[in-house]
Structure formats: structure tokens, C-alpha cells
Amino acid sequence: MRTKGEVVFFAVCVAFFGFMGAQAVALMGEGRAGEIGSALWPLIALLASFGLSGVLLVKALRSQRSTAAAETAAAGEAGETRRRRRAVVLSTTCFFAYLWAITLLGFILATLFFVPAFAFALGERRVKVLVASPLILTAVMAAVFLKFLSIPFPKGVGVFAAFSRLFY
Amino acid sequence: MLEIYAQAFATVLLPQNLLAMVLGALWGLLAGALPGISTSMGVVLILSFTYTLSPMTAFVLLVGAYLGGITGGGITSILFGIPGEPSSVPTVIEGHALAKEGQAATAMWTYLLCSIFGGLFSVLFMIVATPLIADFALRFGPAEYFALTILGLSVVSGLSGGSMLKGFLSCFLGLFLATIGTDGITGEERFTFGTVTLLGGVNFVVAMVGLLAVSEIMIEAEEPFKEYKGMVEYRGLLRELPRFSLFRKYWLTMIRSPIIGTIVGALPGAGATIAAFLAYGEAARTAKHEPQRFGKGAIEGLMAAECANNASTGGSMTILLSLGIPGSNTTAMLVAAFMIHGMQPGPLLLSQRPDIIYGIFVAMIVINLLLLVVTGTAIRLFLQLNRLPYSVFSAAILILCVVGAFGINNSVDDMMLMFVFSLIGYFMRKFGVPVAPCILALVLGDLAELSLRRALLLSGGSPLGLVSSPISAVLLLGALVSIVYPLIKKPKMLGTS
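In the order they appear, the protein sequences are chains A and B. Just so you know, we're using this note's numbering here: the first sequence kicks off at 1 and counts up by one. Just so you know, we're using this note's numbering here: the second sequence kicks off at 1001 and counts up by one.
Just chain B, same shape as in the assembly (with noise of 0.2 angstroms):
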């Protein structure tokens, strides 16, 4: 084994693979960075490169990307508020928060060591665990996703807010614009009222950049002038970096989140952002210290989010490699990347292709210490940014967030929707609705849809078929769980974006 791993090394450390990393982590943390281009799109832009590349640099350059596009989200949701990635969205509350605080230094280290922590324990543990989670993912049935569905869901919107109705308000309306456009059953049209635009139903980008970003610049608007964004001190690496006694005393987050970010990772379609909820939900529910900043700039929520969300990267591709089933869209753009090179990701490829499987495993360790690095030597610059005149700024970010909607589909009927869920976004933030739920819903409603019918077909209609494995059961008491905690205990304040 050790020598299979030697050999591994020795391939992903070629001059070549060296570089096709560093150019994909940078490209990756870029598209993480930027609103509206996500990882995936970032993944599918350098695709078209790696057609004449030999397959390992190929491969390495594209899980650079991948992973330095979740590690790049971070950054633009701590310094404006604007989440790259969905699975960014507890970061911009936690962190953007602490950076209003004047403490975007701290924050922005805190993220990077948590997510590239997440990221290497996850890898470590998909080395050692692949066969396990594997065997475990492949008990998941429609009742156990509509499970999981639900229990993310319910640890969102339970505790967000000072309002719990206001949190299942925001839930179920994302819900239900998770159902607008044709259904993926039936392919029947449902709330289109005969549009074309909304046939393919509402893009979460769109709905995000408008409920997030744009609704953030209108009601910063409200306040009064100020010429720069924030002033943002840099005293340098080793004032700004956080304390080791900051990790030691949020030890349990730091462990149960990667753990949470794997094994999530490794379920299909569950991926990095139901990862970062379920792991903040529960930073919150079990916060020892200073429950009361959650919402308000919680570095627990920070780490917890950006823990969990890199370790996810772990847990999808191993499932991928193991299964050949994408656990995320970015990893779905993967198993097309195997394609183009001739190669059918699942079991059979670990027995014909090791050389490629362990190298792969050996790329993400280096590539997660290459990002410390980049990301780390970046910060003063990217903390620049917060200098420029607070104007300007904010009409870059709205240009930015046009561009992001735009560019998912071309459409200007996209930019349009993307302003209306932005008038939508600033009247739920105004009226203290938050829109985190909305947003997670809206994610994970067309999954909990479908798997709750398919679970019923194969019931045959009865309720009792989505309890009737151990996992469902124990995943829907924990939502039931995670509804009824903060009624009896005083709920932990998620605050109301």
C-alpha cells in the first residue's frame, strides 16, 4: 500500500501536475470568490483544457479547482456579504458579521485554517473509511433522503431567527419556489402561469445572488454615507492569526463539523451546503460559549460551516470514485471529465486504474496545502479591497452580481428574476424573516419532493414507509428533535439573513 501511495506522490509532484494544481486552485478559489460563477461553472470553464492534457494532470487541475472554488466561496462571504456558493451561506452570517466588527483579519484566517483543516481530515478519513462510507451511502433509499432532507431543513429553520414561525415561514416559501416550473415526474407545468422563463424552474444562483447580495446592498443603502467600505487593519501573519486556545476551546466543533461535512459529502445530492447547515445548526444547538453571537459574528459558526463544508469535498469524492455517483454537481462535471478520457468512475476503476484513484486521494492532500498557502499569502490583498470608496464598491458588487446571474443561462429574464427576488430578499430581512431557510429550501426542496414520492410508490402509498428503516427513523426524530429543542430550551439567535 505505502508503495502504491510513494508512487502516487511522486506522479502528482511532476512539474507539470505541480502547476496544472496551482493553476486550478487559483482559477478554483477565483470562481469560488466571485458571486454567481460557481464551482461548478468554474469546473466546467477549464474542462474544455484538459481535452489534450494527459489524464492525471487533467485531473489534478480539475480537483483544484473544485476544491479551491469551495475553499474561494469564503473569501467574498466574509469581506461583502455576498456568498460565492451556497454552502457559503452560514459563513456570510457568522463571518461578514465579524468582519462589520472590524475583525475581517481574524475571520478570514479562522476560515481558511477551518476549511483547510476540514478539507485534510476529510481526505485522511476517505483513505481510511472509503469502504465504509461507501457500504453506508448505498443504504440510502427515498425515504432516508427525504429524511435528510427534512432534518437539514428543520435544524435551519428551527433556529434561525429570534422567530421560529418566521424561519418555517422562510422554509416553506423556498419550498414551494422549489416547485415552480415543469415537474420532474409528472412533467407537468406548475406555477409557470405560462411563461417560458420559468419553465425550467427558479435557479437558486439567481434566487440567491438577489436574495443575498443585492437585498444586503439595498439595505446598506438605507444607512448614512460613508467613503470606504471598512477600514481593515493587517498587523500581520503572526498578530492576525488566530490563537491555537481558539481551536482548543471550540475542540468538539472542530471535530464533530468535518465528521458531519464527510459523511454528508458522501450522500448523493446532499453535498457541501446541507453539510455547512447541518454542521452550524449544530454548533448553535450545543453552543457552550457566547450562544448569544450566533447571527451576530459567531467564530464557532464560522468554523463549524467552513469545517464542514470542505470536508464534504472528501466524502463526494469518495463516493464518486468508489460508486462512480456524483455526490455534488462539481462532482457530476467530474465523472464527465472521466469520460472524456475513456474511463467509467465506480468500483471497477480502483481495480484498472489505481495509479489514477490514488493519485487523485494524494492530489487533494497537497492541493488543500498549496490553497493554505495561496489563500494565506493573499488575504492582505483581498483585505484591500475593503478600502475602496464604499460607492463604488457597492456598484461593483451589484455589477458582479448581474454578471453572475446573467451568466448562468445567458437570459436577461434571469437578471430580472434576480431583481425580484432582491425586493423579496430586503422586505423578509426588513420584517426580521430570514432568508437563510428560504435559500437551503429552495436547494434541497426539489430532492425532498421527489424522494418523499418516490418513497410513497415504493410504499405503496402508506406514511409508515418513510419510518420503516432504522435510518429514516432516526433521521426524522432528529428533526422532530431539532423542531421541538428550541421551544423548550431558548432558542440560539441564527439572526435574520
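Same shape as in the complex, but just chain A (with noise of 0.2 angstroms):
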């Protein structure tokens, strides 16, 4: 599985430096004698990233086609596979949700909400440890970088806006 994963990254790797190469090219203009514009170091950046994942994209295809059978043998681990993946995409969306949520409902609420969301995603169920750590950790965290080092985040929208000016 990972050997077909790696023909995807790479490929997106070379799909995008490719871009990125050809927006740098854009960027190529004249200047005096010795002068080197704003185009060339990233070019070379660019040029040398390019080849290496082209490299690397060859590499990986060439070893798919070694390790199709042996793929096809572990077929019974695609059940493990499953659940890691549903672990990571769930976890990985709780925190983007997180990230959406603190300029909507603002730093305390989003947190409040966060933390035992994103621990019931990793699989955490005790009742005890979903009901307290939210309160604590918010608690914490709100004295600690809204009181005392003052980091103005976000308030919120409306009357969520409201309720987080009660604490800063």
C-alpha cells in the first residue's frame, strides 16, 4: 500500500514543482552585470526538487511493480489499514473544525469543544476523562495565554462573541 502511495506523492510532488518551476520562470527578468534576480534561486530550488521527485516517482513505480504480489498477500491487513486511516482523517478533521471554530465561537468555546471531541476521535470513552479534561485544560489555557501572556485570539461572532468577552 505504501509503495502506491509513494507513486501518488511523488507524482503530486512532480505535478507541483513542475508548476511552481514554470511560475519562477515568469519571474526571470535582466539585470546589470553580476546581478542575479529575484527568479534564480528558486529556480534552482525548483529545478533540483523537480528532478529528485521525478527520480524518487520512478523509483517507487518500478518497485510497485515488484511488490504487487506481495500486496495482494497482505490483503488481509486492509481492515488495520482502514482503521488507521479513519483514525487520522477523523482526528486530522477535528482539528481543522478546531481551527474554523475558534474564529467562530471563539478561543474558550472552541476549545471547550475540541478537546473532547478530538480525544473521543482517538479513541478515548472514559466518561470521567471526556468530562473533566475539557473544563481543566480550557481553564488552563485561558489563564495562562488569554490572562497572563494576553494573546488577543479571536472572540467569535455574535453572541459568541458576547459570552467571550466575559472572560477577555
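Watch out, some of these pointers could steer you wrong.
[To be verified] Selected chain A positions facing chain B (in silico; Cβ < 10 angstroms):
1. Phe9
2. Gly37
3. Ala48
4. Ser49
5. Leu52
6. Ser53
7. Leu61
8. Arg83
9. Leu99
10. Ala119
11. Ala161
[As the list claims (entries may be wrong)] To spell it out: a stretch of chain A is covered by chain B in this simulated footprint if at least three of its residues, at any positions, have a beta carbon under 8 angstroms from a beta carbon of chain B; those stretches are:
12. 13-23
13. 101-112
14. 129-139
15. 149-156
16. 162-168
[As the list claims (entries may be wrong)] Below 27 angstroms or equal to it, Euclidean Cα-Cα: the simulated DSSO-like pairs (lysine-lysine) are:
17. B:Lys1100 <-> B:Lys1296
18. B:Lys1430 <-> B:Lys1296
19. B:Lys1296 <-> A:Lys4
20. B:Lys1100 <-> A:Lys59
21. B:Lys1249 <-> B:Lys1430
22. B:Lys1249 <-> B:Lys1288
23. A:Lys59 <-> A:Lys4
24. A:Lys59 <-> B:Lys1249
25. B:Lys1430 <-> A:Lys4
26. B:Lys1430 <-> B:Lys1100
27. B:Lys1249 <-> B:Lys1296
28. B:Lys1249 <-> B:Lys1100
Just so you know, these hints were derived from the structure itself, not from any lab. In this text, a Cβ means the ideal position worked out from N, Cα and C, and glycines have one as well.
Two chains, two frames, a set of hints: combine them into the complex.
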């Protein structure tokens, strides 16, 4: 499975660096003797990345052919792979939702909801932990970062902003 | 001379100065340990408290925060795999791997002792060799800086992971990311696609938090559920303290790394990060004992990185005090502190205010010893954090990451950028592309590019200008060797993270 993933990963890399390389070419201009413009350095980095991704893609494609049989044999591991993927997707979605919710609900409310949701996504099922941890963690974080360090986190919108203003 | 030092000791040990050093060191430890709240941010935050203090008290407070911050970066690096500072990346790679193996206490003590040793070494070295180092660093022009950054990048990329190709891919990705934003010379926008967020470039703290810390949580999310982060036994100071034989075994690393750290720290712009990476790379390249452990919990790698990282403080301070040139972000903050107190750091300061200069030398010795006591006492407390419920612990780390990314510019966009980097970091780790070269390249990319362009301008466009001085020629040759050497000799694994 990893080889298939590698092929996709390095193919995306080739496409990305190729696209960015084309953007870098557009930056090229004429300069004085000895003066190198804005394009040269990124172009060097992008061409090297493009070439290296290409080589790695070819290597991944070759190794994919040779491991195709082994992958069929490992079909029994599909359940475990699905579980891993689900855990990563759930926790990542949870984290992204938290980042988005901070602007909408404010830091305190968003953190209060995020902690149990993320813990649940990781497989936490202890009720005490799910109930107590958001309260403790939010209180500690708010005290340190909002009160002590005065980091101006978003307060949220509408009624949520009014709630946030009670604390910071 | 002895009289000056005796007087400096007497001043530094005044109760108010002693209290300022303890508070500064504690604050620095906290700032260094929390991801995103960097040492420089820690120093800036207490800078405003020093307006009303006497100059000496103000400087010992700030220097305490500086040294505490550099030391504190190792705490979260080892225990949680989060680098509080970019210079702690090698510590994450080796120290966190050791912690995962259940050797957190040993790793913590080794890191602490090496940090303090490196710090003290650099202070003593600084006192003895200040004129020599200042003279050497003055010879560095753009070509030498370019060569130095290339050496640092090639050492790390060439030795990271099983595949050199992946190491260099990561490095070039970092170099590209460093070019995003407004060009420092022409003012041209590069790869911003019209967004205001990217005009100032990719902040390396945001990238670092995403690539290393958040992606680590994502990788760990794949593991089966565990109730606790890990069980760490602490069997008391005498049992956990690493044996002297350990340091004797790696004596060469213990001597070489602080020297690298002090010299590199003395070069403006190079600082603790390149010092730690260079010493770490050098330890990996020359490892005689268990070279296969590099990347998987090599105590020698941890020792090298921490010795060099703390030793860079002495080098940075030397150049700051003797030439007025800040060697790092944090020492740049100290320049501001000097100005606030009506002083201009530089050669004249040594004759005008020797009390301040020698006071700072002495304070650095005292603060290093204080840090040994303070951090040593707190190790047990730090280890207890490992007994928090794992799920809550991971959530707390993510919140700290969010705070770290947001706190730099108070920008929601930075949080989103961190999320993008966390996805990049996750896939890089997943497919064996090491993230360390990318981060180092992102940090050093600007310096490398500007130095190259300035060097070419000075030489009228001739690439020979890059190797015209013996220093740059030797450094570039070193870079070449560091690329070719692993190809000849079987590469030592530096891991993929």
C-alpha cells in the first residue's frame, strides 16, 4: 500500500514543483552584470526538487511492480489500514474544525468543544476524562494565554463574542 | 583582571540580581519549552519589565531568559517530540526516540548536563578567546556565509534518512519555501499568488510547528488507543544520573560539539540552529559507537546537539558585546535592551562600561549553574506530565501548537498555514522524506540566497568569487565531502523525522 501511496505522493510532488517552476520562470528578468534577479534561486531549488521527485517517482513505480504480488498477499491487513486511516481522518478533521471554530465561537468555547471531540476521535471512552479534561484544560489555557500572556485570540461572532468578552 | 572579575561577581550576586537571574531563567525555561513561544519571544515579553530596572539587573534578567530559553527547548523536545526552538530539532529526533523507549529520565539528564557543559564551555572559551573569535568572524563576507549555509544544509541532507535523494528533496523544498514572499533585494513578490498572508514569507515557526509537532500527533493517531502517553519511571537522582563513563565514552563529541557551537554561534545569523545541526551531523558522520542508532535514539546525537546548541550562546554574546553584531534573533533583542539603557554594544562599550560586559560574562556562568539546579529539580515534575491521559495530552499539544502559530503575528491565517504544513509533514513522514532538512533549509534559505546574490554582485557575476577566499573554499569543500562521503561509506541513518 505504501508503494502505491508513494507513487501518488511523488507524482503530486512532480506536478507541484513543475507548476511552481513555471511560475519561477515568469519571474526572470534582465539585471546588471553580476546581478541575479528574483528568479534564479527559487528556480534552482524547484528544478532540483522537480528532478529529485521525478527520480523518486520512477523508483516508486519500479518497486510497485515488484511488490504487486506481495500486496495481494497482505490483503488481510486491509481492516487495520482502514482503522488507521479513519483515525487520522477523524482527528485531522477535528483539528481543522477547531481552527475554523476559533474564529466563529472564540478560543474558550472552541477549546471546550475541541478537547472531548479530539479525545473521542483518538478512541478515548472514559467518561470522567471526557467530562473533566475540557474544563481543566480550557481553564489552564485561558489563564496562561489569555490572561497572563494576553494573546488576543479571536472572540467569535454574535452571541459567542459576548460570551468571550466575559473572560477576555 | 582578577579584580574586575571579583567586582563583577560581587555585583552579580547582589540579592536583586540573583532574583532577576532566577526569574529570567525560569521564564526562559517556560518560553523555550512551549512550542511557538520562542526564546526571542520570551526575551521580548520581559523586555518591557526592564525599563525601570538598573542596567545590570535588566541584563541579568534578559540573559537569564535567553539561556533558559535555549535550555528549555530540550524539555518538550525529549518528552513530547515538540521542538520549542528550531535548534532543538536534532534533540527531538534522538531525545524523543529515547523517551519512547522508556529512557526519558536518562535522556533528560544527559540533555541537561550536556546543555550546561556546552554553556559553561562557551562562556569560558568566550572569556579567553573573545578577541580571536571576533577577528575570525570579521573576515566573513557574503561568499563565506553562503558556503557556511551550504555546508550546514549538505551535512544534514546528506545524512538524513535511508535515502539521500529524499533528504535533498526535503532540503530543496525548504529552500523553495524560504523564497516565498517579498524578495529582500528587488522587492518583487514571489509565489504569493496575490495573498497578503504570504507577502512576509513563510514563518519558520509556523512551518516548524506544523511539520514536526502536529504531524507527529497525526502519525500517532494511527496507533491503537493507549490510555497514557507513556509510563516513565523515575528512580531517584542517583539512579537516573548518567554515569561518568557515558561522557568518557563520547569524549570527542563532548569536546568537539561545544567548539562547533561556540564558533558557529559567533557567526552572525548562523546561531544555535546551525550549530546544533552541524554538531549533530558531525557526530553522526564520525560515530564509532552504535552509528545505526542515529535517528532512532542515539544518545551521542543528543549530546552533540545540546552541547553545541547551548555553546552557541557564548559565541553569539561574544560578537554582540565585542562588535555590536547580533548573532541571533535573541541577541538582536538584547541590542534593543542596550539601547533602552542608553548604551551601544560594540568595541567602545568594553572600555566605557567594563562593569556591564564582565558582569554579563559572570552572570552567564552563574545562570548556567542555576539552570542545572532549577531544571534538575524540575525534571521529576516534567516527567509526571507523561502520565496524563494520552488523548487529552495530544489535544493539549495541539492547542499549544495553535497558540504558537497564532501568537507570532496574532493571525488566523498563520493557524491555517500551520495546518497545511502539518498535512505536508504527515505525508513526508509517511513516505520516508525527512522533515529536518526542510526546516533547516527554510530557516537558512534567506541567508543562503542573499549571501549568494551579494557575493556574485561583488565578484561581477563570476562564480569563482564564491571560492576566492580560503575560508569559503574550505567550507564548500566540506560541503562536497559531506555529500560524497555518505555515498562512499554506508550512510548512517538519521531517521525520517
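Hint numbers contradicted by this structure
7, 11, 16, 20, 21 and 24
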